[in-house]
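Student: Read off the chains here:
Protein chains: 2
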Amino acid sequence: MGRPLKTKEDLHVRIGVLKGMAVMTPDALSSVAYATDQMEDILAGLIIATSTHAYVTNVLGFSMLGTSIIVGLAFLLFFAYRNIIRRYPLGGGAYAIGINDLGKYWGLSAASTLIVGYTLTVAVSVAAGVDAIAPVIPFIAHHKLLFNIILTLLIMIVNLRGTGESASVFVPFTYVFIGCIILLGVSAVIKGLLHPTIIELPTYAGMHAVQGMGMFLFLKMFANGCSALTGIEAVSNSVPVFREPSAKRAQRLLLTLVITLSLLFFIVSSVAMVHGLRYNPDVPLINQESMLIFGTHGIGYIMTVIISISTMCILTIAANTAFTGCPALWSSMARDGFMPRWVLHKGTRLVYSNGIVFLTFISLVLTICFDAQVDRLMPLYGVSVFYTFTISQLGMVVRVLKERKTKWLLSAIGSATGVVLTGGACLIFGITRFRDGAWLVFICVPAMILAFSRIQKHYMQLRQDLKYDLTRPMQPRKESITIVPIASINKSSVSALEYAVANFRNVIAVTVIADDSEEKCRQRTDKIEAEWEKLNSGIRLVVLHSQYRAVGKRLQRFIEFELQTYPPENITVVIPQFITKRWWHKLLHNKTGNILMAWLVINKHIKVMTVPYHLER
Amino acid sequence: MGRPLKTKEDLHVRIGVLKGMAVMTPDALSSVAYATDQMEDILAGLIIATSTHAYVTNVLGFSMLGTSIIVGLAFLLFFAYRNIIRRYPLGGGAYAIGINDLGKYWGLSAASTLIVGYTLTVAVSVAAGVDAIAPVIPFIAHHKLLFNIILTLLIMIVNLRGTGESASVFVPFTYVFIGCIILLGVSAVIKGLLHPTIIELPTYAGMHAVQGMGMFLFLKMFANGCSALTGIEAVSNSVPVFREPSAKRAQRLLLTLVITLSLLFFIVSSVAMVHGLRYNPDVPLINQESMLIFGTHGIGYIMTVIISISTMCILTIAANTAFTGCPALWSSMARDGFMPRWVLHKGTRLVYSNGIVFLTFISLVLTICFDAQVDRLMPLYGVSVFYTFTISQLGMVVRVLKERKTKWLLSAIGSATGVVLTGGACLIFGITRFRDGAWLVFICVPAMILAFSRIQKHYMQLRQDLKYDLTRPMQPRKESITIVPIASINKSSVSALEYAVANFRNVIAVTVIADDSEEKCRQRTDKIEAEWEKLNSGIRLVVLHSQYRAVGKRLQRFIEFELQTYPPENITVVIPQFITKRWWHKLLHNKTGNILMAWLVINKHIKVMTVPYHLER
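If you read the sequences in order, they're chains A and B. All letters in the first sequence, in the order written, are residues 304 to 920 by our numbering. All letters in the second sequence, in the order written, are residues 304 to 920 by our numbering.
Just so you know, not all the hints are guaranteed correct.
You can't tell identical chains apart in this list, so a pair holds if it fits in one copy or across any two.
To be verified - Below, in silico cross-link-like pairs of lysine-lysine (DSS-like), each with a Cα-Cα straight-line distance of 30 Å or less: (1) 910 to 794; (2) 837 to 705; (3) 830 to 856; (4) 781 to 830; (5) 760 to 309; (6) 770 to 708; (7) 770 to 856; (8) 910 to 781.
Bear in mind the hints are in silico, worked out from the structure with no lab data behind them.
Bound-form chain A, shown alone (with noise of 0.2 Å):
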């Protein structure tokens, strides 16, 4: 992953403006390349069902109506972010204001449907590159599982070794990206200047024949092409990536990413209002635009597929987004002890590693679950994105109120209407896609909120049952035992003995004798005790008999019986152990070691040891 980054350098490798679009914005760009085929879609139904209306050819007002409502929603969404990345400059966006403004259970719903959103997207945007791939070469369309979790862990892998490294990797495509539909913007107008018969307007009574498609319609077209808005919050979950001052860049950053993504969604939707076109499954909008454009030979050939190419990278690298926002959101809860602390804590590489691993692995489950069929579950996007909005201003309003600063009404208004409007819209989002998925929220969110309650319950109780009382003194030393259980008298007990007695208080030597005779038994008795004569360890050899022929049980029956003065937790035994060289050779030892170890680890207080030998051959 690249050499260790010491925390100082922990600026050096924070971005600017430039890379954040990279590694921030995709997620939110490339919903250009479907929103406004998803709002079409449903036209699109709606023409079929009417189509005996011979006069319905156009319709495509509405989506151009819906996309206008999109970037109004967006730039809306800006001024509230705007707000909460000044007031909390350490991230966590929605979660930290419902945490602070609102209340524990806003916060961590909040968090909840965050980290609902971010897993799907990751799930959601690699699934998309890899369908996007699949029909060009058929290796992948028999495999796409296994490139959906190749892919996740290439992105990982990318992520893993750092944010700026990241940035520099997506740099290219985003702005490609970018390039590519703003050229597509400025052909159309130039064509349209210079061939203005092909421009074919929306009629009236087209635009007629589907006003009485209905508010609830409307509102489900509406909510398909909002989809992708989750990109805005993640700007404010990672405000301290960016350079100093983080704050300003990162406002910075969310005004060119609102600018940008509202050109590119106009162009998209008014060039294809233009022209008519028309909401097809197997060519997306902004592939019958670029052959529309710059036709279907030559350099307007290469035009399309580098159009095509730069929408499929854009939508497998929407995953960067949740790759940079969710670990920070995980770590802003870690400090509040919602997340385990595992992902509290930056890595080697100064990024959130166990967070990012732990994104890969829950995102690489849900794939391999629903088999790389994820689509099932976008509508739980929607509501995701909507309720986290909803929270965030809410939390804003509550603020504004409770500080009353200048022009506090019509902030408090602003905020209000924002609440109204969003909160509006991940109602009617619940509603309208119930069925299709987003009933599955109101069963992950109450699920996720009870498991981040549990776990700050056991951090605040572990908290209190370890702290330790300053003011009583440390325990004065007490009397301590140190057993060597010795087999026989070989390298090994030697050196564990050596060992032993170098660094314990107090040391003796205990064998048990276990044979299949009495008349044994004697033998070894008087064996051992002979070489322990010569040995002049200076330690006390303490021979016990076992007549059950087992070792560990009469072990601990000495303990128990025998070392009855010492305090049962300073009785440790130190157990010499030979560790073979090659694997078979495991297989023909005893392991009266680890038996032991078992036997008497069972018994809380014994502290065990082994003084590992190792055999050369």
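Since chain A is already given, all that's left is putting chain B on it; use the hints.
Tutor: Frame of chain A, contents of chain B only:
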């Protein structure tokens, strides 16, 4: 498995001839149930082949001839093994005689073939038992493999409970079977005397017809009939399980076995002969005979059922012969270093528990690999039986020639005849059944011999490598240091410090500070130093800073560079570790302690131990 037994209780759990019959003879006796059938099988094939000759009706005389030869062989073996038992009262049979009188590889080859035979005995006997019950209970027929496993485990458990116990369990089955066959013989004689007309002796014409069967077929028939002589070897392997004088008792048992075996074998073969019964794969000869003699109604029918049930039982408990013989053989081999040490000693119930479990394991592997279709391995049997006999008699010849006691020439000639007979049989068996599976012996046995030799080599090397030169004094006590790494001052770390101070000679505490920012590092350093002051432990605290946020690495560097004055083998790390109460709590902790242990264990010389602190909730 019952209460543990003391070593001196060994004499009480030994058995006499009566119980010995139950644990060691079922394998040999059960052969009565199929040996005649197997000989008839060959003849039946011949009859079909020559069925154009109308007068070929009763060729059972040939099977009677085979029976006589086999019985003769059994008596020959009795004399051979009587000598072996006298000479090797500690057991070991052909293996012991091979190792001591002929040489290492002779002994090991005998042991290998014996082990092949014993393992097959278990697998084949259990499979035969299950096959016998299967037609009656459909559930068993559908789960044969499962019941094979259950039955094997049952026999294992009975054996683990001790020799005396297993004998008690199997006594009734053995004696009921013997009683049944004798009753059958007596009834047949009575019936024959009362109704001489039913007797249908083989005609000369019939015998003449198959005279051309050729040596090859006859020998094949003979070899088939011999397949169950393994039981005789088992007695010589387990001499020490008998009450004193054990050798005498073992010899007496051997005689009883050979006489009983001959009697039963003659009864079954001759009843079949005088009534002209034919081989029928669906109805064994014993069942045909009991139906003929006792009839198929009323009390006669009950008799038939009893005979078939007891046959079934004896076939199954034949496995027990292996459970008595094989672990004893392994123990003898382990004494010489050819088997892992853990099969050497007896367990708490004074049987070779590890050997019993190991035998069960191997035969279960065989059963599962061959899906309870072990019949295909039957040819291996014959080769192994005769090879073992040959080795043991060859050993006797060599020994007699060496010692030249009284009547040595006669004894040598007797044994040499045995060598020629059994060696010939072995050769015949190997050739006639080579393609049926006997070739496997030529792979298994050399592989096993190689394995045994490598095991012995390892033990010899180990003894050399571990040998401690007692004339060399033990190293004088060197300097040592014990490090207690702590993350903060809490009950867990204080209890580890208290333990370390009480037990070890020289203790220091170390804390590694690593945080995301330098500011925080400084705060934490000040905090822990202030708290340490208050604790007043008398231990030196070393505060380390890790720029790379890697606690393990930093600690290792500290040990390597700052503790150079201490001999590396006398550095101990005592890690405080709190043990959580619920499984999911484990997921919430950094496991720094465990990671640290892994880190330090990589460095071979640093000893690591943990001091657990058990959380209450």
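Student: Between residue 830 and residue 856, at a C-alpha cutoff of 30 Å, which is it: within one copy, between copies, both, or neither?
Tutor: Answer is within; shortest intra-copy Cα gap is 23 Å, inter-copy 46 Å.
Student: Given a CA cutoff of 30 Å, do residue 910 and residue 794 count as a within-copy pair, a between-copy pair, both, or neither?
Tutor: both (23 Å within a copy, 17 Å between copies)
Student: Within a copy, between copies, both or neither: where do residue 837 and residue 705 come within 30 Å Cα-Cα?
Tutor: So residue 837 and residue 705 fail the 30 Å test inside a copy (85 Å) and across (42 Å) alike.
Student: Up to 30 Å between alpha-carbons, please classify residue 760 paired with residue 309: within, between, both or neither.
Tutor: Neither way: residue 760 and residue 309 sit 33 Å apart in one copy and 52 Å across, limit 30 Å.
Student: If the cutoff is 30 Å on CA atoms, where do residue 781 and residue 830 land: within, between, both or neither? Let me know, please.
Tutor: between (36 Å within a copy, 29 Å between copies)
Student: How would you classify residue 770 and residue 856 at a CA-CA limit of 30 Å: within, between, both, or neither?
Tutor: Cα proximity of residue 770 and residue 856: across copies only (28 Å, versus 36 Å in one copy).
Student: At most 30 Å between alpha carbons: which applies to residue 910 and residue 781, within, between, both or neither?
Tutor: Cα proximity of residue 910 and residue 781: in one copy and across copies (16 Å, 23 Å).
Student: Taking 30 Å as the upper bound on the Cα-Cα distance, should residue 770 and residue 708 be classified as within, between, both, or neither?
Tutor: neither (42 Å within a copy, 85 Å between copies)
Checked against the numbered hints given earlier, the structure breaks hints 2, 5 and 6 and satisfies all the rest.
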